[in-house]
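Based on the provided sequences and hints, a complete structural model is requested.
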Amino acid sequence: MVRWIKPDLETKFHIDFDWWEKEGRDLRVYLQSHLCPECKVIYANHRGTAEVDWIDSNTAEVMRVDALWQSLRTHCSQRPDFITENTPLTDAVFRAFLANGNEPLSVVELHEILGRHTVETILRTLGSRKIYKGIRPVLK
Amino acid sequence: MFVRETQTATYWQEFVVDDRDLDYLYELFLEDDNRPRTSDDLTLALIRSRCEKEEALIKGELARGTLFQPGEGYEVGEQIVFPVLGYALGSVVGARPGYNPKYGEFDVIQVRFEGEEETREFASKLDYPHKLNREEGELLEAEGIASPVELYDQHGSDVQRKLLEHLRLSGDFASFRGEWFLKGLLAEIHEGHLNIAEAMLDVKGMPLPTQELLRELDLLTKIAPAAQIFSLNCALGQDERFDDVGNDDQSLWFLRRLEPSEIVHLPPRLRYTPILYDRASLSEELLRWEMELDDEIMESAARGTEEEISSVTIILNYPHRRVGTIPLTSKTEGFFPRGNTERMMVTLVDGRTGKQMLGWVVRQHKYVYGLKEWYNENDIPVGAYIKLEKTDDPLAIVVDFPRRPNKREWIRVATVAGGKLAFAMQMRAIGCEYDELMVLGENNPAQIDSLWMRSEEDGKPISELMSEIFPELAKLNPQGTVHAKTLYSAINMEKRCPPGPILAQLASKACFMAVGDGYWVYDREAL
Chain A
2 MVRWIKPDLE TKFHIDFDWW EKEGRDLRVY LQSHLCPECK VIYANHRGTA EVDWIDSNTA
62 EVMRVDALWQ SLRTHCSQRP DFITENTPLT DAVFRAFLAN GNEPLSVVEL HEILGRHTVE
122 TILRTLGSRK IYKGIRPVLK
Chain B
22 MFVRETQTAT YWQEFVVDDR DLDYLYELFL EDDNRPRTSD DLTLALIRSR CEKEEALIKG
82 ELARGTLFQP GEGYEVGEQI VFPVLGYALG SVVGARPGYN PKYGEFDVIQ VRFEGEEETR
142 EFASKLDYPH KLNREEGELL EAEGIASPVE LYDQHGSDVQ RKLLEHLRLS GDFASFRGEW
202 FLKGLLAEIH EGHLNIAEAM LDVKGMPLPT QELLRELDLL TKIAPAAQIF SLNCALGQDE
262 RFDDVGNDDQ SLWFLRRLEP SEIVHLPPRL RYTPILYDRA SLSEELLRWE MELDDEIMES
322 AARGTEEEIS SVTIILNYPH RRVGTIPLTS KTEGFFPRGN TERMMVTLVD GRTGKQMLGW
382 VVRQHKYVYG LKEWYNENDI PVGAYIKLEK TDDPLAIVVD FPRRPNKREW IRVATVAGGK
442 LAFAMQMRAI GCEYDELMVL GENNPAQIDS LWMRSEEDGK PISELMSEIF PELAKLNPQG
502 TVHAKTLYSA INMEKRCPPG PILAQLASKA CFMAVGDGYW VYDREAL
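One line per chain: the protein sequences are A and B, in this order. Reminder that position 19 of the first sequence reads as 20 in my numbering, one-by-one numbering, no gaps. Reminder that position 382 of the second sequence reads as 403 in my numbering, one-by-one numbering, no gaps.
These are computed hints drawn from the structure, not numbers from a lab. Please read these numbers as outputs of a predicted model, since none were measured by experiment. Please note that the accuracy of each hint is not assured.
DEER-style ranges, computed between Cβ atoms [said to hold, decoys possible]: (1) Ala45/A with Leu110/B: 38 to 46 Å; (2) Gly102/A with Tyr120/B: 20 to 28 Å; (3) Tyr149/B with Trp20/A: 31 to 39 Å; (4) Val109/A with Glu186/B: 47 to 55 Å.
Calculated pairs, EDC-like style, for lysine to aspartate or glutamate (alpha carbon to alpha carbon, straight line, at most 20 Å) [what the hints assert, rightly or not]: (5) Lys146/B with Asp82/A; (6) Lys123/B with Asp67/A; (7) Lys152/B with Glu62/A; (8) Lys123/B with Glu62/A; (9) Lys481/B with Glu457/B; (10) Lys152/B with Asp57/A; (11) Lys146/B with Asp57/A; (12) Lys123/B with Asp9/A; (13) Lys41/A with Asp82/A.
Using N, Cα and C, we set each Cβ at its ideal position, and we do this for glycine too.
What follows is the structure, given as structure tokens:
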């Protein structure tokens, strides 16, 4: 059993994919719900999206990628309505990790990205014993 | 999209002149017209050459294979050029269907690049918009790219600095006044030619343009005229006997030994030893008087007006009257040609007689020399209005003064008494309009010169000078008032001084009291 340590301002968080598995929840269904309307039409079904041919917009080089992640990172997250003032805090944090490829971030860094809520509010929310959407501290 | 390095700022920042550039410049000089080129011309030519070389390189690269465009289909074994990957050449080694609901049906080709083991995959037969898909004929068009002239505007100064540095070091190029030419193409100018030029200038007694000197030199006619002129300019510029007194447009050559000393060295009468004073003490009214006096050594010399005016009138002060000069101030500088030479020859034309006089513009020290005789011949007093007028020839300026019938008038006349300047009202015959506040006469210029020299040697402070001169001027009218302009005019008989230090004394010393309209009274008790 992992010992719970109270996170602080320097603690890095990320989306823990194992949490989704342990909870028996389908991450890909959830990812699909974050797509922009345009991408939702293209990837109407989350099945068959785990590995597609992605064409680089500059070189036309083809990469095998996860279509949902790639769309969220390179297209949907670039839209101004991806994270708005009305996006709930935990959704906004989740989307921030989608946009940066799930690179670990501290609450201070998250605060800079979101531009709203206080650092303390974000820390209180993510640092509680309850885990929202698999967002939890990175285990060292 | 084609990668053109010449379109990037980094390319020009890291630009280094190489041997191929120099070869190009050699060819440029050897072209049929065989003429010197300005630094700007060479810089632009070099930028253009680099752009042309890059275009040629692009065309060469593209000729190695089929241009890659994701909309096209390619066969296994086909050679493809990828401009966006630095014109890398790759060979198609396989193909498979692509899958992504976003793009619809398309193919994926496997490409192996020269010198690489791994293959990379690229889209083909793609029916989806992509920036690498171009219309036929659009491939090499310079769409949205900066032309060589635009690149010159953006990066020309950096390129020029590096180019000129290189040309100076190479030893193969001669330069004169911002123009360059191949040394090997210069006409041979030997000592005999220079002696002839010297003799011509001696006989004429005035500066001559290079073309005129060339007429007597019999250089080889097969050398282009522009190259002949450049060659002679270079040779004259390296010979100490000759001085270029031309302007921005052309060189004019003269003999240094024939030049008046007043244009070689700053005349002592015009030399100002800076006086420290508090400019903050000058009120708006005093600053207005300073502007009106418009002395060339004023600290706050206003910029010349942008407005094109054809004539201007100035008031002649004592130092310029004695030396025979006109000050180059914000009002007058626009009437004289500009140039990088230390001295420039101009023609001063007497407005009444049309007589032409040799004038010399000395911009470094802000004056135009050449009117000593004219001032004397016309009995022009200190304080007279002098009018300058432009002509169709930018090197000819009309000088005149508003005339009036010769009439005897009471004016302030300076003498030296007890080692100090003294003033008295005396009758003088004056045949020109003048500023009543500035006009001054003198009985014995030699005495005043002696006083001035002693004053200069002793470094007499301006405060002491004012306490001597102010009472002398004040006694000439019943109210005991002296105008700031009168004081400025009188002080400049003994010491070269701009209005600022004088006005600062008036403003800050308790012994001077303003009574309005630029007039002041002196209270000896307050000293």
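Hint numbers not upheld by this structure, sorted from lowest to highest: Hints 5, 9 and 12 contradicted; others consistent.
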